[in-house]
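As you go down the protein sequences, you meet chains A and B in turn.
Read in my numbering, the first sequence has 154 at position 154, and its numbers run on one by one without any break.
Here my numbering runs 1000 ahead of the position in the second sequence, where the first position is 1.
Among these hints, one or two may not hold up.
Claimed, not checked - Chain B stretches covered by chain A per the calculated footprint, using a threshold of three residues with CB under 8 Å from any CB of chain A: (1) 1089-1096; (2) 1463-1471; (3) 1492-1500.
None of these hints come from the bench; they were simulated from the model.
By construction, the Cβ of each residue, glycine as well, lies at the ideal position given by its N, Cα and C atoms.
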Amino acid sequence: MGFENLDFLTLQHFWWFVISLLFGLFAFMMFVQGGQTLFGKLSSNETQKTMLINSMGRKWEITFTTFVLLGGALFAAFPLFYATSFGGAYWVWMAILFCFIIQAISYEYRKKPDNFLGQKTYEAFLYINGSVGVFLLGVAISTFFSGSVFFIDSNNFSHWQHNARGLEALLNPFNYLLGFSLVYLSKISGSMYFINNINDDEIKQKAFSSIKVNAVLFLLFFLSFLAWIFTKDGFALNADGVVFMQEYKYLLNMAQMPIVFGLFLLGIVTVLSAIYMSVFKKRESCIKTIGVGIVLTVTMLIVSIGYNNTAFYPSTYDLQSSLTIMNSSSSHYTLSVMGYVSLMIPIVLAYIIFAWYSMDKVKITKEEIEAPDAHNY
Amino acid sequence: MEEHLVDWSRAQFALTVMYHWIFVPLTLGLGFIVAIMETIYLKTGSQLWKKTTKFWMTLFAINFAIGVATGIIMEFEFGTNWANYSWFVGDIFGAPLAIEGVLAFFMESTFFAVMYFGWEKVGKKFHLLSTWLVAIGSNLSALWILVANGWMQNPIGMTFNPDTVRNEMVDFWSIILSPIATSKFLHTISSGFVMGSLFVVGVSAWYLLKNRDVAFAKNSILVGASFGLIVSLFLAFNGDESGHQVAVKQPMKLAAMEGLYEGKTEAGLVAAGILNPNKTATNDESEFLVKVEIPYALSILSYRDPKAFVPGIKDLVYGNEEYKIMSVKEKMQKGKIALASLEAYKEAKKEKNEQKALQARQTLEENMQYFGYGHLKNVEDVIPPVATTFYAFHIMVSLGGWFVALFALLLFFSIKKDIQKYKLLLLSALWSIPLGYIAGEAGWVVAEVGRQPWAIQDLMLVGTATTHIATTNVIISFWLFALLFTLLLIAEIKIMLKQIKIGPEGEH
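This is chain B alone, in the form it adopts within the complex (with noise of 0.2 Å):
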């Protein structure tokens, strides 16, 4: 039963952060459509835009609550869950948590309740203020948590301390200003700006399907349109950006991203294809069954150069002299003396030897950055699952075009032609909002799934990282969050439908 401990407690934070992530990108861009609704209404002083401002209001709040209610658990499980890994990283880690709490969460609080009860209370300019800075607050927490989980997939800016055993923050800044964190960052509230204008353009275009609040939904589209386009492109410009990141850091992410087991110079980037179930990194069957590639874009994405060489799984694995690609093998002697070496320096400081504690300690240091190596148990066990990594990644791609093209198609006939005549596109409209979700969903797979097996890269393993606890408190608590959740998603859905169907006419 123990050695099930880490994947339930995998299990558990997967369970409990996707459930989290399906009304977090919500908050981020629904906040900011409110915020210019609610701009255009000042503007105007048109009651039209008042009311379609407080429409998408009561619907943000409804998703607001709940993504309140599943965060909360976020703060905390990393110590209930993952005591280990609090500690080795808590230094670090902390601290970007507690500022998101500082500078975040509490504009959040405070000005979603002058938001949702202020109308009548303050003044209106008070109140447009206090709209925009539920949205600006929403997408600050955002940018903290990224910087700690882009710090956990590229450690930088520490040092590790032998006699607390764990690493410690020496530069600020850099963790903060780290490009993964940066693009990270960037990424992910552009994809919920993007769940947010696929939410008012879908819930729109029922509206016109149903031939219904005509006015309202058509204002509503054109908001939704135009930001949806111009976030969407720079959501994909974007995700070039991240992706020559992971080839730079996480090469091994990559790898399975594309399903490359070995490495090429001029690689293709695959558009489509379907991986080949039996292949492994031990054998020599082929990658594909089938596949469609863009030729050179693969060393293009990651090197910014059509002849770069990107490695593949059997080069990271088993090395590459060639590419000076160290192996698994090796790293893992290295991570072993590492481990051997902290082990002698606590004993020499407990027999006060100054002298075999300098030098175990400069071994320690020279073979620092495989610590985390030194307790895998076989060289294949670096390499994440591929083909959930590979799918996920080929599924979030292809939607994020998908959305640029509808974006710019629902924008172009607002515009220029009565949109509402265009069934087809106001039902694919319609059904993109569950795309949308998809599409964020598998994001967080790829960067989370696509990167096992580390907690922190290189230094820890998610196995190192869990609470020591017995796995049925684990597997007990897992099934009260999925049932909890459940009942709560099943409840928010239904309140969100209902107050659709009343619609921006009725009382909220």
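In isolation and in its complexed conformation, chain A is listed as follows (with noise of 0.2 Å):
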């Protein structure tokens, strides 16, 4: 029994999966993002601040590396997706894209001597990743929701109809609410992520209420968000295979899939469990239960715009041009190809797993980020 067994449609499903579990990961890894809005806040000394920046440092590059593979997993399984939505929302990407292009260097360059843009410039470069890059992929995510103004021709070519290129997204409230939604988010698991990682009690002490003021507003937009999505009318496939507007669309799919509607309860209730026993117990450990939670949340999130009959990158322009998981996917040989490939994951994720381990074991300290050989951000 191997992947070219399955049909079509069960490929599609899995590889839409598969992507949704990415999201997720990936909305969990951008502690470090809002951990680089944080370090400014958190520190009272130069050497606090490197501790805090050296936290995030040795963390950074496996972000940096989900959001890579995301991008070439969607070019895999759902080219079309890939070519219209880059393609087409071109800045928006790209404006995403410079947000991640300034990130990479800033850590390995902001402490060397003659480093030609300053300390200042590349501690700024660190904040706008975690801020602008954030918020900016939140809201393109939301657009999942609102939809997007595009058609595809006969030849399956996407012809974007807005000149502001994907920022007009911007242009509808509405998709603000998961751009603020995640910007909080990754500030709530930036701070818990220093509580474990760090050995200063003032530190410690600084994140703990960033926490708390952090939740209210993350509950606020993360809510409203809900509110948003459960309320409005959504883009549903009929038997056909026609796109039409179907009131409640969002919400129905949870009431559909039971399964996803219950693990998005639980990842939502873990998230919160871990705010409350940060906010009110000062337990240390709760980055490891945010994660889950977040992880949870966000792939069944995607994964019930995929699956259930919905268009997942709907357009408004052009009803009919909407994306599908079934009418963007790669062929099947492909998808059962990528299948193997997938297979992969759980070793790689077993790998970071055991090298992170191997790494923190030791918390970073004063003592060893001020040591005459250290190597440091």
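Using the hints, build the complex out of the two chains.
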């Protein structure tokens, strides 16, 4: 029994699940981005700032790589989405990419002598990546619910219908809800990560109080986001493959897929309990709990808009051009080949976790950062 | 303005990929050199080798960071700027990119953190393993992207599906094991190894010239020159195989590389020459102002036979009955038939006329291999920029020859003599660092300029492959990239030079 024996529809569902899982993992890994917006607030001197930045500096590449893999997996599994969204919403994606380009050099170059742009610039780059980058990613994902303006011609070439090339998503205030939800969520997970990774009481205290403030803001935006999607009309598919607007589609999806809904709720409860344990019990290992919660919540949310006859990348310009996991996927053969490749993902996760544990057994301390032969960012 | 879209899209891709390629070769080569050095350190336990390893590792990390920064755009740029391409061949092309992410990028990034920060946190053996895994991971990532590139130059293992209007993969292994992908991979990574070696011997030569860190520099030259000599010989050997592959799969590229307009048997290889700038495919002017030729060499390189006929640009454009070469005009006719039958197929499907659809599909399949020619405007459009391809090729080959000699000399003098006394040789080593970068970029110019106008050989023109977008957008993003990457490059070079000045004894 191999992947090639699965029918096409099953493979498409399998791959949408993999994509959703990558979204989930990416959302969790954005604690790095959240941390990048906090190193100023959580530190009161240069050593502390360096501790914070080094703490993230040992993880940022995994987040970055997850993002790159997500792009590659979308290309391989749903190439019509890759072509339509990246080519169409050109400026949104370009802006996001620029935010990641400037992140990649900043850790390494920040403290190096003769670094041309100066330490402040590199720190600003990290801040921009953590705020603007995350916000725009949220906005881009939000268009999965609000829709975009494109049509697909008979050659399956796509044509974007707005000159702002994706930036028009910013004209829809509803798209801000997910953008800000992600920003504040990543600040929460970033703080929890610091608490777990750095041995410094002052930093820990500040991180705990930062969670309190950001949790309120996160809940405000996230609950509004949920209220919006669960009350709005959604882009549904009828038995003939015709796309139509259906009332309460996204709520209906949850009702019709109880397992997805159950795991989604479990994810939210887990996130909330991590916040509770952190704020009220000062528990230091909440990054793990919230990690599980974020992965579950985001994975299930994305799963829900690909399954159950839903168009996951809808076009409001031409409903029938909307992308579904059926009409935008790779061929049966490619999806099954890639199915075997996906078996590598657990192995990769395993060695990442192993390497992390080996490295994080020893927490970051002031002494380590100030040691004369220390390798620091 | 819109007719310039393809040129700006090309320019942006060329800009971003050439910037990326400044950093990749050093990562490919230095990764292994550092791993070798750390292995020696573990075997000998010598603190000097530890210092040597750590020093080159610092430079590796500075270079690695900007390689990552310029690399992310490559993963997404196929979508942002080549959306039509991404659909037309995404079913094949996407897979290697995703595999690259799963198998290679995570290996690099996970173990990079261990290698860089783990000295005091993990055991020595695990640390050494991590260093090797970073080197292997970065070379693995080169494998997958070169498989993808090789496929564009020689599309195989797929079939065209008129229902989805795209090419679909039918044979994964033939794509991975395609000879053109294999030789491309070996040629590219060995060029990276050469770059790493040039960098190590060049920087070390500078220390010797300054008469500082002598023991460290001599150690480094020994490792760099030994590794460099082996890999540069392999590179030359493998370059011959690459040339053979090009001759078979992309004869037009080969003709441009050699400035060959009129095909001939017993063809000589131009060792050096100056092209006649007035020469075109439509006039009878001579091809060269001056040239030095190695007799028979081109025929041997191309078809492993000194008597073999090597087609020139004119044969390939206008056809040659004697050697059964089809003219571009005829290919264009077949391409237009392919395009028309695709439309007929879609029409028939809409009308639910299966008989008509089947007929159209048959006609399409008969003419599919010329599909891309259907969009050509003039027959001469299939000729790539000859001068650029020719000079890039000859610069690359001559520099490759020089590197072999340089490594051999360095190795000889470091073993037999006191290399520090040979100032001219040390200066040559130092000045060969930029030459390495030039050779690497020139190689990619040959590969990519030489295959214009095709995004996918014979199937899709670069002009068809671009995203439908107003040109202004691409002009703006082009300049944003140019500005940002230039700033980052200046920062990288300054940091690098400073670290070299600080040297292995200083703090990093």
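Q) Which of the listed hints are broken here? A) Going through the list in order, the structure violates no hint and respects every one.
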